[in-house]
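S.K.: Chains as they are written, first to last, in this note's numbering: chain A, 54 to 398; chain C, 178 to 545.
Hints are supplied without guarantee of correctness; some may be wrong.
Said to hold, decoys possible - What follows is a list of derived Cβ distance ranges for each label pair:
id, chain 1, residue 1, chain 2, residue 2, range
1, A, Val272, C, Asn300, 36 to 44 Å
2, C, Glu431, A, Ala285, 46 to 54 Å
3, C, Gly351, A, Arg74, 25 to 33 Å
4, C, Asn300, A, Arg74, 35 to 43 Å
5, C, Leu417, A, Leu294, 55 to 63 Å
6, C, His534, A, Leu81, 49 to 57 Å
As the list claims (entries may be wrong) - Chain C residues, not near chain A, derived (Cβ > 12 Å throughout):
id, residue
7, Val205
8, Pro275
9, Leu345
10, Asn395
11, Arg428
12, Gln510
Since the hints were made in silico from the structure, they are not lab data.
Glycine included, each C-beta is placed from N, C-alpha and C at the ideal position.
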Amino acid sequence: MATQTTAATGPDRRTRPGGVRVALMFGLAAAALAGAAVLSLVMGSRITTPADVIGALTGTGEEFTTTVVESRYPRTVLGIMAGASLALAGTLMQGITRNPLADPGLLGVNAGAAAAVVTVTAVAGPTTVTGTVWAALPGAVLAGAAAYTVGTRGGDGGMVRLILAGAVISAVLTAYVQAIALSLPDSFDSYRYWVVGSLAGRSFDVFWAALPVVGAGLVLALCVMGGLNAMALGREAAVSLGVSTAWVQGGGLVAATLLAAGATAAVGPIAFVGLAVPHVVRAMVGVDFRLQVPFALLVGPTLLLLSDVVGRTLLRPTELMVGVVTAFVGAPVLLYAIRRMRSTA
Amino acid sequence: MSRQTTLASRTQQAQPAPEAEYGPPPGVLVLRLGRVGALPIRHRSLTVWLLITAAVLGASAVTLTIGDLGISLTQLPSLLTGGGEATDRFVLSRLRGPRLLVGVGVGAALGVAGALFQAVTRNPLGSPDVIGLGAGAGAGASVAALIAPGAVPVPLGALLGAGIAIGLVTLSTGTGLRHPGRIIVAGIGVSAMAQAFTHFVVAFIARDEATSLATYLNGSLTARDWGHAGIIWGALLFCLPVLLYLAGPVRLGEMGDETSQTLGAPARTTRTVAVLMSVLLSAAAVSVAGPISFVALTAPQIARRMAGAGGPSLVLSAAVGALLIVCADLVVQRVPLGEGLPVGIVTMALGGIYLGHLLIREWRKGTL
Chain A
54 MATQTTAATG PDRRTRPGGV RVALMFGLAA AALAGAAVLS LVMGSRITTP
104 ADVIGALTGT GEEFTTTVVE SRYPRTVLGI MAGASLALAG TLMQGITRNP
154 LADPGLLGVN AGAAAAVVTV TAVAGPTTVT GTVWAALPGA VLAGAAAYTV
204 GTRGGDGGMV RLILAGAVIS AVLTAYVQAI ALSLPDSFDS YRYWVVGSLA
254 GRSFDVFWAA LPVVGAGLVL ALCVMGGLNA MALGREAAVS LGVSTAWVQG
304 GGLVAATLLA AGATAAVGPI AFVGLAVPHV VRAMVGVDFR LQVPFALLVG
354 PTLLLLSDVV GRTLLRPTEL MVGVVTAFVG APVLLYAIRR MRSTA
Chain C
178 MSRQTTLASR TQQAQPAPEA EYGPPPGVLV LRLGRVGALP IRHRSLTVWL
228 LITAAVLGAS AVTLTIGDLG ISLTQLPSLL TGGGEATDRF VLSRLRGPRL
278 LVGVGVGAAL GVAGALFQAV TRNPLGSPDV IGLGAGAGAG ASVAALIAPG
328 AVPVPLGALL GAGIAIGLVT LSTGTGLRHP GRIIVAGIGV SAMAQAFTHF
378 VVAFIARDEA TSLATYLNGS LTARDWGHAG IIWGALLFCL PVLLYLAGPV
428 RLGEMGDETS QTLGAPARTT RTVAVLMSVL LSAAAVSVAG PISFVALTAP
478 QIARRMAGAG GPSLVLSAAV GALLIVCADL VVQRVPLGEG LPVGIVTMAL
528 GGIYLGHLLI REWRKGTL
């Protein structure tokens, strides 16, 4: 009996840290994000000082360094937006599918964006980076919407159908993308630069283009956040607790799709932020979604900005795209995590 | 009284002769090799296999005969024995012959690899690609193209890349290849890394090189020679004895670890050897044709459905794999829109159709 009690309180204490501890961690996470943002403004092929950044922000700095720092505003802002969106989308997907390996790309968002990029360049010729984003945005949203509609057709079919629908759309669209890209050199060019995933060379236009989509996703995510806790107990338990499972599940998936679509269109497909950040956040604050969501919004951008900074400084003066860095940071973490799960088969 | 007699007559009907008690169930043919081994073959499987093999032969004949340089069917026998016209001989021995043989070999290898992998992981959507083999091969090929195009042969790079990827997966599970669940998670990580690297290289190098690399990365059978055919058929022959031995234990393994252990098939060893064979065959396929997607996933499933049996069928799966590749290659060679594309794009579209079929089946299940 005594062992049972400790077994029950043990994980409970771990998954529900006290208020002071949460506040402290929140402060630390916020500070880390601020630090990452400053680093993103300071570091690059020309390294400036924090003083230059302050000078540029207040308008008192030297003209040249001000220009350098100002050129880093868009990518920093984009990094914050994309990182937060992907992390939140991953948290929602993993919570709703109850699959710890669920990824925002599961619903065919990446393939949809890529298909739109190659189609637009095939029809209208080569475009700029911003043009690519304008093309990718509807493509990503449409692919996600199609997967969602097909996957949830005919009522309550569970997650298997949804994931199959995402896989069908991804496979068919990827075949289409490859066929177009290999036939038309211009499409191939815009596709190959987009698909790596990078924050570079994008102006504020990209940010404004993606903001409405991402913003709608964020609002929707905040609406369903509380219901996800009940969903984590299982469908029956959630229903008996008075939660509308259809609303939470549907709203959560739509929110995840919008967030992932906005981020992917803006910066290209970026691996592992959506997959890894929810795990990091759960290790920090436990399974309560009302804590997971705000922490994901802080940890995601921190990870993405730091990865971008590393990519900018590692091969100076050329750049390593942020998508490559996140994969090479995220994958070893995943492999390490597998090694640690010794007890389970 | 009458009930007793019917019962007795029924029992008699079910067991007409005492020897049949130990014999094979109806509809099964047993090939015996003295006391060393016996291979049960179901009549339906045999019929289906013969049909698919006939289809492969038919598709091969079409591949050889149509088009500007096509060889007429009547000349084929004399060409195969060394006679015939010089042009036709050139077409057969340099252009279409090796390509066709490589296609059939790659299809068979992928079919077997997928059947083994799906059987031991008990996952109908599993294939060696899931554990990072294709992505690793792509990264290896990219390195070869990045360092010095032409200096390192791209297939060798692909083979090394696939080897490194599988090695990384094996090491990082901490338990080798014994736990399918861990292999798959580790595979996700390794694939993501390899894929990111490949994308980077494709974006980094010049456009012409990038295009030819991207063609290879989709899996292509263009311009294959006898060396390629030798590699893939050599690998198939090399694996054949192990596969013959493995067929029984793998079938037993589908009943669960305990049952299979009781019936004399060590579950863990079977699984490790099966994954190893699966990796070996897919690596051979990747080295000659690049990472062709979805054949290893769909071929075993189609074979299973056609055979109508629960167990995996390696032979049938090999035949279906060969048929898929030969037909897909015919599409990219002859269908106007697909002309010149790598064969892997067609198999990817086929994979999409297969997944769509699964989805529709799920719908039916839901509405019934």
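S.K.: Evaluate each hint against the coordinates.
M.R.: Hints versus structure:
1. For Val272 of chain A and Asn300 of chain C, the Cβ-Cβ distance of about 38 Å falls inside the hinted range of 36 to 44 Å, so the restraint holds.
2. Here the CB-CB span from Glu431 of chain C to Ala285 of chain A is close to 33 Å, at odds with the stated 46 to 54 Å.
3. A hinted range of 25 to 33 Å holds for the C-beta pair Gly351 of chain C and Arg74 of chain A, which are about 32 Å apart.
4. The hint said 35 to 43 Å for the Cβ distance between Asn300 of chain C and Arg74 of chain A, and at roughly 40 Å that hint holds.
5. Our hint of 55 to 63 Å for Leu417 of chain C and Leu294 of chain A holds, since their Cβ atoms are close to 59 Å apart.
6. For the pair His534 of chain C and Leu81 of chain A, the beta carbons lie near 50 Å from each other, so the given range of 49 to 57 Å is met.
7. Distance to chain A confirms Val205 of chain C as a non-interface residue, since its nearest Cβ pair spans about 34 Å, more than 12 Å.
8. For Pro275 of chain C, the requirement that its beta carbon stay farther than 12 Å from each beta carbon of chain A is met, with the minimum near 23 Å.
9. Leu345 of chain C, annotated as away from the interface, has a beta carbon of chain A within 12 Å; the closest lies near 7 Å.
10. A beta-carbon of chain A is positioned within 12 Å of the beta-carbon of Asn395 of chain C; the least distance is around 5 Å.
11. The Cβ of Arg428 of chain C sits about 22 Å from the closest Cβ of chain A, beyond the 12 Å cut-off, so the non-interface label holds.
12. The Cβ of Gln510 of chain C sits about 15 Å from the closest Cβ of chain A, beyond the 12 Å cut-off, so the non-interface label holds.
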